[in-house]
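If you're matching positions, the sequence shown starts at 438 in the numbering used here and goes up one per residue.
There's no promise every hint is true.
Cross-link-like lysine-lysine pairs, in silico, DSS-like; alpha carbons within 27 Å at most [as the list claims (entries may be wrong)]:
#	residue 1	residue 2
1	464	676
2	658	735
3	714	737
4	735	922
These aren't lab readings, by the way, just hints derived from the structure by calculation.
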Amino acid sequence: MGDKFQLIHDVSPGTTGWTVKVVVAEKFSPRVAQRSPTKYQNLTLMDSEGSTVQATLYGQNITAFQDELLLGKTYLISNALVKETNAEYKAKSGEIQWTISGRTRIRRVEENNSNLLISTYSFTDFEDLPKYMDSNVDISVIGMIIDIKPRRIIQTRFGKECQVQDLVLVNKRFDTVLLTMWETFVDNECKYICQNLRKKLILIGKHLKVTSFNGLSISTKADSSFFIDGEFELVEEFKSWGHTNSEIIDNMISEKHYLTSTPSKLSSKLSVPTAEKDFTEIKNIQGLKTAKQFFWIKGKASVKVLNQTYWYMSCNNCNKISSENYGDIYPCVFCKCTDAKAIPRAKVYMQLTDPTGYINATAIGNPAEYFLQSNAEILMNQTLIPTAASMRLSMDEDEIFYVKAITQELSTDCKFEILFIVNPSQIAGDKNKGKAPVEHIGNRFDREIPSSLLGLNFLESLQLQENNLAGSIPEFNQSSLREFKVSYNNLSGKIPDTGILQSIGLSSFVGNQDLCVAPTPTAYSSLNDSSDPPNSNKKNPFFSSTLVVVDVIVLVVLLIFFIIYYKKYKNLKKHMKRRNSVQVDEEKLYTYLT
């Protein structure tokens, strides 16, 4: 960036005649001051040595300079007002602060300082996001935007309505994560992304936080900043990767597997405590008054009220309750999405206990399905109150729960929601624990096998035989899966070529006429040959031989009867012919005599 200009640390209050060459490293959204109606906008400027200073625009200057100070561009700046930062803001904003006004001289310089800028970023890998969940740690990420969900309106716990919009990011390992954009980011960045989504934009985000909302997601903060398709070598490399893997990415977009917000391997990445002293005892949070706190609890969960509904119909965009029927498209009154889809979501009200006491808690979505060892579609299809035969209602061993305290209406006490359930064996590496079956035999289910079952990490047995299930078989490949039966349904397509499903015997798939085994023709032949109904009797050789003899005897008897009948028919025909001849002769004689 050159050495003939001053550096940021050379400029202090009272310095005159200075000019600093800087690159706009961050440009934050305009905000309204807490103690006055004044609108302001902060920028972070960086010099050639990587030193930074916070510059602020106020009021009408925000609009005046909006096309002058562009993110990532280089400028010569002089005559800005330089002053010391107020003591309460020094830790965040630094010792010195610049104010940019109409008297400030700004000149654009055609230089590319992107490498300098990107060198200040420290990106967090998607796999490491759980380490920073619900903490105050700022993170930076880079990813390709493959989807954007409809804008929705939510109400905060303070009663304020806010607009939010979710992006789906994918990294080079094809891991996905949800990024929730708030307020002004919806009007600015999200608007641009919607218009250019097909370009598969590369997003670089800074000053973001990791939350446990919807399982695990990233969210913007007031000081978050973004580069979208910035002029960086890193971005070009990412785009090249995207072009090479376009078929895989397009398939991800069409299949939308990323809608399951909690990745299956999430629990192994959580910063789960292992020492007993690091867990919160339940007695210490009974009657808690302060909401939005998070706790790790080690204990057992059980359903104390069996007569409850284990699912609810929800909006696929905001998860709020819906009165619509399954699959209906409707305008959601909560998130304002005009084409929301009604889908079932699992929920369970349970009691969480440890040696010190108990609390009542709710689990919704993935943790509810994990606890019940079932899924929302199966729970929805059950017409009677579920019993222990169809799902798990209690835990035999201790598990680890990540619990959030939530403000409760009409009460000063908090209520509790279970956000994650982690089996201790996942931390210890024991793969032979924490498994449970899902059995629904002969229930006449007539839908497709839910792909959400792929998220049951410890599924040991899945028995769905003798139903009316249609469609294809999801790509089950859980290492814990030992028993799998889908025989006598209406399944079609081919059996997925996963190691687990290919190792299961063909008898588990029989009775599905349109189902084909991959990849060998021999397997396909053996599947069709074994497709006898469940109650058919296999005949032994003696019985088969006897049946052949009986068939021959019956044919011979029928042939004899046919021959006898044919001879009698011929004799009768001759007799009738002679009789007709005599009658004709008598008529001729009568005519002659008269």
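Hints, verified against the model:
At roughly 24 Å between alpha-carbon atoms, residue 464 and residue 676 fall within 27 Å of each other, so this suggested pair holds. For a cut-off of 27 Å, the pair hint linking residue 658 to residue 735 is broken: about 32 Å separates their Cα positions. Taking the CA atoms of residue 714 and residue 737, the gap is near 17 Å; set against the 27 Å cutoff, the hint holds. About 34 Å separates the Cα atoms of residue 735 and residue 922, which puts this hinted pair outside 27 Å; it is violated.
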